[in-house]
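*Asks:* Let's have the full structure, built from the sequences with the hints guiding it.
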Amino acid sequence: MRKSLIAGLAIAGVAVGAIAYADNHISDAQKEAAVKARKAHMTLYAFNLGTLGAMAKEEMPYDAAAATAAADTIATLAQLPQSGYWLPGTDNQSMEKTRALPAIWADGSDVGTKAGDLVTAATAMQSAAAMDLDSLKAAMGPLGASCGGCHKNFRQPDE
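Residue 12 is where the sequence shown starts when you use the working numbering, and the numbers rise one by one after that.
There's no promise every hint is true.
With beta-carbon atoms standing in for the labels, derived distance ranges [claimed, not checked]:
#, residue 1, residue 2, range
1, Ser146, Ser38, 40 to 50 Å
2, Ser105, Lys68, 15 to 25 Å
3, Ser138, Lys163, 43 to 53 Å
4, Lys148, His36, 40 to 50 Å
5, Pro113, Ala141, 22 to 32 Å
6, Tyr73, Gly123, 14 to 24 Å
7, Ala141, Asp118, 23 to 33 Å
8, Gly119, His162, 13 to 23 Å
9, Ser94, Glu69, 31 to 41 Å
10, Asp39, Asp169, 23 to 33 Å
11, Ser138, Glu43, 35 to 45 Å
12, Ile37, Lys68, 40 to 50 Å
No wet-lab data here; the hints were simulated from the structure. Bear in mind the structure is a predicted one, so any value in this text is a computation, not a measurement. Even for Gly, the Cβ is constructed at its ideal location relative to N, Cα and C.
*Replies:* In structure tokens:
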């Protein structure tokens, strides 16, 4: 047991060292590109949420095809691999033009759970959006809450 504990600690040390090494060897250009990519990803979320939100608020007529397209896009975005643009050292204390808080990368961060919540809510919206306006409205609460759950803990508020 002691050997496995020592081996486990050694592996953990190597992993922490590798993360620190990787963070120190990510170029500024790579970091800037990562922030740009994730901002684009968030812009696509916002655009499609805007369509669903306008329908839910009855600011625009309910259109099952448009709602389904927006919901499908959100679900696809939520499931895309994103690790390439959530690089260590791309938080708002390490660089400008980002609102990502360092808490994303902190030990014990539940950002992965929050991302899973978004996938669940986005998948539910896919089914609801095609049904009818009342179903879309009902699915907006959980979808909005999943977005807010991440933003509250991991994004600097608007100034």
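*Asks:* If a hint holds in the structure, say so; if it does not, say that too.
*Replies:* Right, here's what the structure says about each hint:
Restraint check, Ser146 to Ser38: a C-beta distance of roughly 47 Å satisfies the suggested window 40 to 50 Å. In this structure the hint that Ser105 and Lys68 lie 15 to 25 Å apart at CB is violated, the actual value being about 38 Å. At about 26 Å, the beta-carbon gap between Ser138 and Lys163 misses the expected band of 43 to 53 Å. Look at Lys148 against His36: about 48 Å separates their beta carbons, and that is inside 40 to 50 Å.
Under the hint 22 to 32 Å, the C-beta atoms of Pro113 and Ala141, about 39 Å apart, miss the expected range. A C-beta distance of roughly 34 Å is found between Tyr73 and Gly123, which places it outside the suggested range of 14 to 24 Å. Between Ala141 and Asp118 the CB atoms are about 41 Å apart, so this pair departs from the stated range of 23 to 33 Å. A hinted range of 13 to 23 Å holds for the C-beta pair Gly119 and His162, which are about 19 Å apart.
For the pair Ser94 and Glu69, the beta carbons lie near 38 Å from each other, so the given range of 31 to 41 Å is met. Distance hint for Asp39 and Asp169: a CB-CB separation of about 26 Å, consistent with the stated range 23 to 33 Å. The supplied range of 35 to 45 Å is met by Ser138 and Glu43, whose beta-carbon atoms lie about 38 Å from each other. Checked against the given bound of 40 to 50 Å, the beta carbons of Ile37 and Lys68, roughly 41 Å apart, stay inside it.
Going through the hint list in order, the structure does not satisfy hints 2, 3, 5, 6, 7.
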